[in-house]
Every structure is written in structure tokens, then in C-alpha cells.
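J.: Sequence:
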Amino acid sequence: MSKWVCSALAGLLVLMLTLAGGTAFAQSPAEPAADLPSVLDARVSETEERARLIIDLGAKTEFALVSLDEPARLAIDVRAGQIRIEEPVAPAGEGLIDAFTLEQAAPDRVRTTLVLDSPAQVQQAYVLDAFADQPARLVVDIIPATPEIFAENVARDLAASQNGQAGADPSEPTTAEAPIVQPGPVETRPLVVIDPGHGGIDSGAEASNGIKEKDIVLAFSKRLQEILVDSGKFEVALTREDDSFLRLEERVQLARRNKADLLISIHADSFQQPEVRGASIYTRDENATDTLDAVLAEQENKADIIAGFAAPQMAPQVVDILVDLMRREMRVQSFMAARSIVDALEPSVQLRRFPVRQADFFVLQAPDVPSILVELGFLSNLDDIANLTEGNWQDRTAEAIARGLTAYFDQVEMAQVAQ
623 MSKWVCSALA GLLVLMLTLA GGTAFAQSPA EPAADLPSVL DARVSETEER
673 ARLIIDLGAK TEFALVSLDE PARLAIDVRA GQIRIEEPVA PAGEGLIDAF
723 TLEQAAPDRV RTTLVLDSPA QVQQAYVLDA FADQPARLVV DIIPATPEIF
773 AENVARDLAA SQNGQAGADP SEPTTAEAPI VQPGPVETRP LVVIDPGHGG
823 IDSGAEASNG IKEKDIVLAF SKRLQEILVD SGKFEVALTR EDDSFLRLEE
873 RVQLARRNKA DLLISIHADS FQQPEVRGAS IYTRDENATD TLDAVLAEQE
923 NKADIIAGFA APQMAPQVVD ILVDLMRREM RVQSFMAARS IVDALEPSVQ
973 LRRFPVRQAD FFVLQAPDVP SILVELGFLS NLDDIANLTE GNWQDRTAEA
1023 IARGLTAYFD QVEMAQVAQ
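For the record, in the sequence shown the residue sitting at position 135 is 757 according to our numbering, with numbers rising by one throughout.
One or more hints might be untrue.
To be verified - Below, simulated DSSO-like cross-link-like pairs (lysine-lysine); rule was C-alpha separation at most 30 angstroms, straight line:
1) Lys682 / Lys844
2) Lys855 / Lys844
3) Lys834 / Lys844
4) Lys881 / Lys844
5) Lys881 / Lys682
6) Lys855 / Lys682
7) Lys855 / Lys881
As the list claims (entries may be wrong) - Between beta-carbon pairs, the in silico distance windows are:
8) Arg665 / Arg1018: 47 to 55 angstroms
9) Gln1033 / Ala712: 42 to 50 angstroms
10) Arg975 / Arg706: 15 to 23 angstroms
These are calculated hints, taken from the structure and not from any lab test.
Here a beta-carbon is modelled for each residue, glycine too, at the ideal position from N, C-alpha and C.
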């Protein structure tokens, strides 16, 4: 299982925070470092319950975080050579963040400062590789904190800055307003990439009342992401966060480039027999389990053509023992994940007979990432439609999937320890 490290490598990034207001785009007089990526964009969205900072980058880079008081702030430094944003954008929504600024703090460092409306803390932070037309991104999720927790974080970061000064130039002062923080060892957590199926011009299945699969699975995926992040056990990313179209290989590419520990593709399909209902989970197999599975797999793999895009040719693979072993191991892990989730779903969610199934879905073809496809139910069945659009069912199902994922990763960790 790959390890996803959500913060900077120790010793590579130093925060030198002298935050006293400043303009949004104050530039260092020194020349920018030519070999470092640029900051291409930065934006904040927020509600009373959470906020998210997204920084678009010219390439993946290191970052570090620190909490500051008087006034309450979160500061995020990325190792970058320059800022390429024409003008600042105010936070979207209202909630935890009063304002944010962006500045070139040093030739090799760009700082984003979030001025807090109330105490807050970073819940998760991670960098995504560039893929398709999307640049590399730093994503920082922020949630409320008690005044006590925020004060503890400020004190911790200040202590870290003072401890990091051993051997430093004594002419460089260390104060509460100018801490120097070096990131220390960070607990690694598995990265789960959630793929809401379809999107944009590809609506997927559609119920008789006009409800579209793409909307159902996006709402469910966001709820599942929230539950997984709140657990504190996972790093979580979505392949799409809005009604946008992604080709199938782009979804797989995102998981592979970011060395995801598991890819979960979320769907809600339809079938010509309206009595067919219930959730199921697919792993990849060259031969479909039955006629229904073959039909569903064909529908998913032709989605790009329906949307006006030809399905891509997979890059030629060298057929050798190592690749074969890798694929076999991914299938074993995918089956383990599917089985764990079904065990968690079974007590409270309607499942199809033989709910762990195999089909040749394109999105499950990553040779180095365990991948499963979750069919939440059928938009051709009235009972499933009622469930898929009901908040309590969505919460219950998402919570069960989260329990199944926890059980699966516990199994993987135990197996690694035993080796």
C-alpha cells in the first residue's frame, strides 16, 4: 500500500512568518527562484461548518502550515518561485474565514494567510498531481476549533519554531510574531480517491421522474468524503466536485498519478427489468459475471462515445511476470475492499443477490491501484429511487461504506505487519 504524506518533507520548507497585515500581493525584492513552480491561482470557499483553500500550482511542491494569534490566523507557505494571479478573489460564502491574502514571502516561498472569523484548525491537507487540464493543487480543509484547541496549536507551533532555532543565526530573532517552523514527522494516512460517475454532458442513467445519475452520485460522493475526512483516518479527494465531464482514463489517471490507496467509483444505474434493485460492488474481471453485468459494463465503457469522445486506446503493456503479479495483487486487494464494504452494508442497506460482482468496467483497469465500483441502486426501480434521494438513507449508506473502508485498511495494515 502506498503512503500518502499530506504535509511537507521535514527540513525542506521553513516558515518565516512576519505577518502584520500587508497587501495581498506584496512581492519580495529578490529575484524569484527560476527552478520552482509558480502559484497559478488561489481561492477559498466556506460555510459555518468548514472552509477549503485550493492553490493551483505549476507543479507539485512542498508546503507547511502554522497557527497564529493576535489576530487569529492560519498561514500556509508553499515552496514556489512567483505568483501568477492577476487579482485576488474574495472568499466564496460566509463562515470561518474573514479574508485571505497571498504574498511572495521570499524568493522561494509564497504565503497564503487566512484571517479567521472564529477559532479553526486544519483538518486535512494534501497535494494532487496535475492531470488533464487541471494543474497540480494544494487542498487544505479547515474546520472549527474550540478556543482551547486553537491556543494549543498556536503554542505548539511557537514551540516548534523555537526548538528549530538550534544552530541558527543569532541575528535572526524568533518571536511570537515571527516563528520559524520546520515540519516534523507526519502520520501518513491512506488516500482514497472517490470518483462520482458521469458528469457534464454525460448524465448517466435517468429516472422516470427526471433525476439524473450524475447528480445523485455527486451528492453522495461529497457526503462520503465528509464522513471519511471527519473520521481523521483518511486523506480523501474527488475526481470531480461539480457538474463537469471527465473521460474515463482521466479518472484512472488521477488515482494513479497520486498513488491512491483505493479508487472508489460511485454509480447508480438502470436496467430494463424494473424489479431489479439493490446495491452491489464490482471488482474488475475480464469475464462479466452474468448478462446484466455485461450490459452495465458496456454502458459505462461507451459513456465517452455517447458524450462525444472516443474511448482511448490503453498504452501497450509489456506482458511479463511482474505486471501480471501486480494486477493479481490489485485484484486481491480490490476484492478485500469490496468484501469489507459489503459486510458493513449488509445489516442496513438493501443489496443485490451476490453483491460482490465482477465486470470489465474501464474505470477499474488501473494496474497499480486497488479499484472498486459501487452501484448504489437502480434508477429504474421505484424503491431504489426513493432511497437514493432520501437523506437518511444516504447518510446510513455512506457511514456503512466508511466502516467497511476502515475494516479493509486495518486488514491491509495487519498483513503488512505480518510480512
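J.: Hints first: check each against the structure and report whether it holds.
T.: Hint by hint, here is what the structure shows:
Distance restraint check for Lys682 and Lys844: the Cα-Cα separation of roughly 25 angstroms lies within the 30 angstroms cut-off, and the hinted pair is therefore satisfied. With a C-alpha separation of about 17 angstroms, the suggested pairing of Lys855 with Lys844 holds against the 30 angstroms cut-off. Only pairs whose Cα atoms come within 30 angstroms are accepted, and Lys834 paired with Lys844 is accepted, the gap being roughly 16 angstroms. Restraint check: the Cα-Cα separation between Lys881 and Lys844 comes to about 21 angstroms, which is no more than 30 angstroms; the hinted pair holds.
At most 30 angstroms may separate the alpha-carbon atoms for a hinted pair to count; Lys881 and Lys682 meet this at roughly 14 angstroms. At most 30 angstroms may separate the alpha-carbon atoms for a hinted pair to count; Lys855 and Lys682 meet this at roughly 23 angstroms. For a cut-off of 30 angstroms, the pair hint linking Lys855 to Lys881 stands: about 17 angstroms separates their Cα positions. Restraint check, Arg665 to Arg1018: a C-beta distance of roughly 33 angstroms breaks the suggested window 47 to 55 angstroms.
The given range of 42 to 50 angstroms is respected by Gln1033 and Ala712, whose C-beta atoms sit roughly 46 angstroms from each other. Our hint of 15 to 23 angstroms for Arg975 and Arg706 is violated, since their Cβ atoms are close to 55 angstroms apart.
Violated hints for the displayed structure, listed by number in ascending order: 8, 10.
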